[in-house]
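Enquirer: Throw the hints in and build the complete structure from the sequences for me.
2 protein chains.
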Amino acid sequence: MRILGIDPGLTRCGVSILEVEVGTTRKKNVLFCKALTTDKRLPQPARLTYLFDKISGIIDEFQPGIVAIERPFLTTHNPDTGMGTAQVVGLVMVLAQKSKMKIALYTPAEVKLAVTGNGAADKLQIQKAMQRLLKLPDLPKPADAADSLAIALTSVLKPNLDIRLKTFQGGKQGGKGGMTPAQALWAKTLASKNKNGRPM
Amino acid sequence: MRILGIDPGLTRCGVSILEVEVGTTRKKNVLFCKALTTDKRLPQPARLTYLFDKISGIIDEFQPGIVAIERPFLTTHNPDTGMGTAQVVGLVMVLAQKSKMKIALYTPAEVKLAVTGNGAADKLQIQKAMQRLLKLPDLPKPADAADSLAIALTSVLKPNLDIRLKTFQGGKQGGKGGMTPAQALWAKTLASKNKNGRPM
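So the protein sequences, as listed, match chains A and B.
Residue 67 in the working numbering sits at position 81 of the first sequence; the count goes up by one each step and never skips.
Residue 57 in the working numbering sits at position 71 of the second sequence; the count goes up by one each step and never skips.
Hint data in this document are derived by calculation from the structure and do not stem from the laboratory.
Some hints could be false.
Just so you know, same-sequence chains aren't split out, so a pair can sit in one copy or run between any two.
For lysine-lysine, the following DSS-like pairs were computed, each having C-alpha atoms within a straight-line distance of at most 25 angstroms [unchecked claim]:
no., residue 1, residue 2
1, K20, K114
2, K84, K40
3, K109, K26
4, K26, K88
It should be emphasised that the depicted structure is a prediction, and the values quoted were computed from it without experimental measurement.
Expert: Here it is as structure tokens:
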């Protein structure tokens, strides 16, 4: 099984392909890990199209069955950045839909918690966790690329595909009723970390 | 010259094709005017892909040279709506880039002011203005479709393609230095309306 990990961004977009042995989920190979970059001085349509074509090419080459995407947050502090990031997510969704891939969305805190045990881990901690967990000879660089690996790995560790998608759509979850036992445990873990005052 | 007008939205997306005689810009024909809709209960990737394919088909059929899009605003009040709208704009940008179309972006107030003379016009006023200006036998419906016609028409009345694009990208304008006389007058008009307390 191959997972496409996306750390979305218009200026820097982390993209990884993680291969996981079906059944065991123990042996993992990093087939691709890179940050795609676009020049801020170029018009936005050209930048979006560059990313669209590059990611489309990576999907064609590696044929992943799942895409794991970091869920963007809206911020009024820097609205253009948030909008660009949301647009990259939209493009990836269309590419995934056309390739019949499953789609998982995770918040930054979920990714950090899943791969380091700390929902507030910094970028270097993520990079070190990726090197250790995926037995890489070197620290994966740059940080955006390492983040996209962490996002792909999160979908292996916490494969709550449907629930993430529903949350992203703004649909109501209907409490714990719709969760599997694993999902309910995960939700409880998130809630308990919040109570301890750790930023999620 | 054919102009694709887009009133972006994930649930309702107004799409028009306005044909304008080159040179005179007097004779105008409405070749297409419709609101594309997607079901809120469907997954977001399916909804985005539906709009992507539909708009792609309309571009293939009518071969417009320009696309005029209403510029989305980020709001924390309803972030999912703002994100969906931004994503639709991103998809249209990629389609426009791939078809080598020119791209114009306008705020809702710019569109309202351009077609009615009132930056705070309501939906019915926009519909009536479209019927009158484009000599339509009936009021164009629904409102989102009429809005997309108004957006297309704005690009004829206020063809500041480059400046709109730069603004959207978050780039700095460098004051009035980079504007044509018409653009400077337009900017002055917008500013004076604001001073009078009229909502822009």
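Enquirer: At most 25 angstroms between CA atoms: does that hold for K26 and K88 within a copy, between copies, both, or neither?
Expert: between (31 angstroms within a copy, 19 angstroms between copies)
Enquirer: Is it within, between, both, or neither for K109 and K26, if the alpha carbons may be no more than 25 angstroms apart?
Expert: within (23 angstroms within a copy, 36 angstroms between copies)
Enquirer: Using 25 angstroms as the alpha carbon limit, work out where K20 and K114 are close: within a copy, between copies, both or neither.
Expert: This pair counts as within: shortest intra-copy Cα distance 16 angstroms, inter-copy 52 angstroms.
Enquirer: When no copy is specified for K84 and K40, does a C-alpha distance of 25 angstroms or less occur within a copy, between copies, both, or neither?
Expert: Answer is both: 15 angstroms inside a copy and 14 angstroms across each meet the 25 angstroms cutoff.
In summary, the structure agrees with every hint in the numbered list given earlier.
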